[in-house]
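Undergrad: So the chains spell out like this:
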Amino acid sequence: MPAPIRLRELIRTIRTARTQAEEREMIQKECAAIRSSFREEDNTYRCRNVAKLLYMHMLGYPAHFGQLECLKLIASQKFTDKRIGYLGAMLLLDERQDVHLLMTNCIKNDLNHSTQYVQGLALCTLGCMGSSEMCRDLAGEVEKLLKTSNSYLRKKAALCAVHVIRKVPELMEMFLPATKNLLSEKNHGVLHTSVVLLTEMCERSPDMLAHFRKLVPQLVRILKNLIMSGYSPEHDVSGISDPFLQVRILRLLRILGKGDDDSSEAMNDILAQVATNTETSKNVGNAILYETVLTIMDIKSESGLRVLAINILGRFLLNNDKNIRYVALTSLLKTVQTDHNAVQRHRSTIVDCLKDLDVSIKRRAMELSFALVNGNNIRGMMKELLYFLDSCDPEFKADCASGVFLAAEKYAPSKRWHIDTIMRVLTTAGSYVRDDSVPNLIQLITNSVEMHAYTVQRLYKALLDDISQQPLVQVASWCIGEYGDLLISGQCEEEEPIQVTEDEVLDVLEGLLVSNLSSPVTRGYSLTAIMKLSTRFSSVNRIKKVVSIYGSSIDVELQQRAVEYNALFKKYDHMRPALLERMPIMEKTASNGPTEIVQTNGEAEPSVVEPKHPPPVGQPASQGNDLLDLLGGNDVPVIPTTMPTKPASAGGELLDLLGDLSLGLSLMAFYLFDLFKTVNFLSTGIPPMTAYNKNGLKIDFTFERANPNPNVAVITIHASNSTEADMTDFVFQAAVPKTFQLQLLSPSSNVVPALNQGTVTQVIRVLNQQKQQLRMRIKLTYIHKGSAVQDLAEVNNFPPQSWQ
Amino acid sequence: MNLPRMLLLLLTISITSSFQMQFMLLFSRQGKLRLQKWYVPLSDKEKKKITRELVQTVLARKPKMCSFLEWRDLKIVYKRYASLYFCCAIEDQDNELITLEIIHRYVELLDKYFGSVCELDIIFNFEKAYFILDEFLLGGEAQETSKKNVLKAIEQADLLQEDTKVSFSPSFLMVWSRNAAEVRDSCGGSEQASWVKTAFLLLVSTERKFWITLNKDMLRKIKMQAPL
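From first to last, the protein sequence lines are chains A and B.
Per this note's numbering, the very first residue in the first sequence carries number 1; after that it's consecutive.
Per this note's numbering, the very first residue in the second sequence carries number 805; after that it's consecutive.
Since the hints were made in silico from the structure, they are not lab data.
If you're wondering where the values come from, they're calculated on a predicted model, not measured in any experiment.
A portion of the hints provided could be inaccurate.
[To be verified] Partial selection, computed: residues in chain B whose CB lies under 7 Å from chain A:
(1) Ser871
(2) Leu873
(3) Asn899
(4) Ile902
(5) Phe928
(6) Glu931
(7) Leu942
(8) Gly943
(9) Glu948
(10) Lys952
Cβ coordinates follow ideal geometry from the N, Cα and C atoms, glycine included.
Full structure from sequences and hints, please.
TA: Shown next as structure tokens:
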């Protein structure tokens, strides 16, 4: 067999390939040759073949079949073979066990080799890719080499020990005796790697940290020698003596001084010295200064020193070198929490960095700017940040927008400013804001009662300008739906009122429905807004028409909604004003749970989501038990429904589901549809009945029978209140005997208005498989004139049609 | 992107300790990988993925941008030297500026070793580039802060390697005669070719002891071509 072609020749040949396919073909051919050579156990050219394989591997071709050959090379006596073998092992082998067992033995032999370069190769490989098993097996050898006087091996052994500790932390103790004399070493390589080793041990174990604290004076001395000693050509880097070692020592000092007064005290002087004496014209000097600053900020340093550190960073900010500016921003961001005022002094420089051309710097500057916003500077800072938002790359917009939202929420000087700011974000970066910003803004608007007219007018104007920013359009639709009457009446005090007619407003909303810029969600918002306007505007016929047109929309979501609204017009017109009433002010829940965000999703149908004032029912569970007792023993369980057992969270749960907006909408629609269906299929003719009438509270039942399942009776309760005071926190609960199944849907409200001015409705569905006579126990709790009232009643006089 | 896979990848990267270089990549302006050194255990597939992604990101950056970028939970420090990008991944608390110095030191070492290094030197002698890197960094940390010591170690190890070759003299000379032509072809420069020629003549006419005392640069050019 002829000698295989040489490595350089192969590289040259491959480089002549003009296409990828040509290259692949060459490589396949060569691989075949290499494979057959491997099969023949050709020792002379194995080294060359593996080297070629490594080149192909770098080009991205598979080379795993060379793994075992690497091991054979390592086991060879020739240095060239070993060198390539170890290189191949580092490149080709992963942490597979079977290979590692073989390798452990080879490395073990080589660690005890008589030539230091062979030992060096073994150490290097172990320190680069040794698995934890290998580390366990070879730690003893590494420890031995760490104690030799040969600095070439010692430095490698120290870093190898670092790797061993990273892989198997419990082996750390083993290296403790060897660390004793490490710092007295003159050789910088050994010194540097020793500091790395000590750092690793201190980071991993508090005991070690405490143990090595005594080294602080020694480290300080080494550092001092470095900065005081004159020029030494061997370690000089543009006028600075061994910056690598200096940085490492500073880092170890940081770890040793952290949270320890004595150590911090001991290093104060040297840190000040480094901070003032280091030449800053070159990157190296700044690298050391940067590390010094980090150390000063991390340990318990004197306040003067901290100011010095922040000022160094301030100087960095003005540096021409972008890299230096970048690290300055990064480290200021780290210190902004602890030294807020010191950082605040560099605010204008930081804000200037927003205009930097470099994205990395811009991002840092943006984060830092948001960190610096407070009540005093919010107006100015926000101006800069909004300007930044206008001009920045798309990748920043989402983060910047949410940063503005957060800052505005925290420090807004006035509600109007807050609303203006958010609207500004929505108009400039609307398509980048997160989904939850729409409900958040809606909530904010709802809660600022005095701003309603102003807001709706601004939003209406914004809508006239641009309907492409979906979140803005959604908020605007919602507001126009809610406050359309304010828009028409033009009673805005804040601004020149605009004159619009109902038709104009409806034109705009209908425009949204047909515009192809609108997303399906936006269309939903718009349709609902139009529907709401039916109670606020006089042009009901026009609205009816629109709603009925969309009853045949191809968008199922929209269609469903339109059908529901249509039903509302046709069959439940009397309920429409109540259902479409203005949303109550939404309270922020204490917990920042998802409900807080989604409460504002109530735009779809107020009647369903309104019960968001949780009735203060103490222990719902025990109440259920009361009822259970009432109905006599275990044959009458309380039917698990959402409402009676967990009245407080029924609304919340529903709202929880709405966390995701689109999902929420469809659920809401589904829910509504379900409700209407049950209502629609009623077979009239069952006479209503009065179930309860006491203390001015009257509860009437009306009946329907669900068509698909005649066994289900749908009972709607209507609670009315003839007294002169509202009944609040009204909760209706019901229980039926075991043979029935009962489902209570959410009530329309938990307040029964005084003087029969309105009713609370709630739907109960009873499944009566055996068509038995219906019996029900009801429990009523409410607060009337400040005192809690609780009453129980049994309802036996159901009309026979309702259960037969 | 397959999310679970990516999460897994992030996990593997982030479980390693706090200060450590994770990997170093050298690639050309055309995006060709020239050297890769991984200090964290990752599968081949992950390595390829990371490489592809990073090469794209770094190449897309404009020349005036800063040398750092945040990528996943790592910091990438890169610097371009002529047609080659040197790119290191370090961790959050690491000092970016000193990493730049480490890159620079490696470039200086390559430059000293090859004598005004160019991309072609690294392509054709990639194993040497690895040897130098392994003599400078170990497990992602610098093991030697003196340039001189690194180069000395490499040269001495190279000599060890030559020893084995010199021992079979006749075929070695055969190899050399072919080699001279190769070098002339690949380098093209008349100067380097004549170096090799001289070296070759010297080699034929003298014994090994003598050529150790040869002009160092010349020697280096010869050594580079010798073993593989």
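Undergrad: Hint by hint, say whether it matches the structure.
TA: Taking the hints in turn, this is what the structure says about them:
For Ser871 of chain B, the interface hint holds, since its Cβ comes within 7 Å of a Cβ in chain A; the closest pair sits about 5 Å apart. Among the interface hints, the one on Leu873 of chain B holds; its C-beta lies about 5 Å from the nearest C-beta in chain A, closer than the 7 Å criterion. Interface hint status for Asn899 of chain B: upheld, as the beta-carbon distance to the closest one in chain A is roughly 5 Å, under 7 Å. A least Cβ separation of about 4 Å between Ile902 of chain B and chain A falls short of the 7 Å threshold, and the interface hint therefore holds.
For the restraint placing Phe928 of chain B at the interface with chain A, the shortest Cβ-Cβ distance is roughly 5 Å, inside the 7 Å limit, so the hint holds. Contact between Glu931 of chain B and chain A, as hinted, is supported at the beta carbon level, the nearest pair being about 6 Å apart and thus within 7 Å. Using the Cβ-Cβ criterion of 7 Å, the hint placing Leu942 of chain B at the interface with chain A is satisfied: the shortest such distance is roughly 4 Å. Because the closest C-beta pair between Gly943 of chain B and chain A is about 4 Å apart, less than 7 Å, the hint holds.
Interface hint status for Glu948 of chain B: upheld, as the beta-carbon distance to the closest one in chain A is roughly 4 Å, under 7 Å. Satisfaction of the interface hint for Lys952 of chain B is found here, the shortest Cβ-Cβ separation to chain A being roughly 6 Å, below the 7 Å cut-off.
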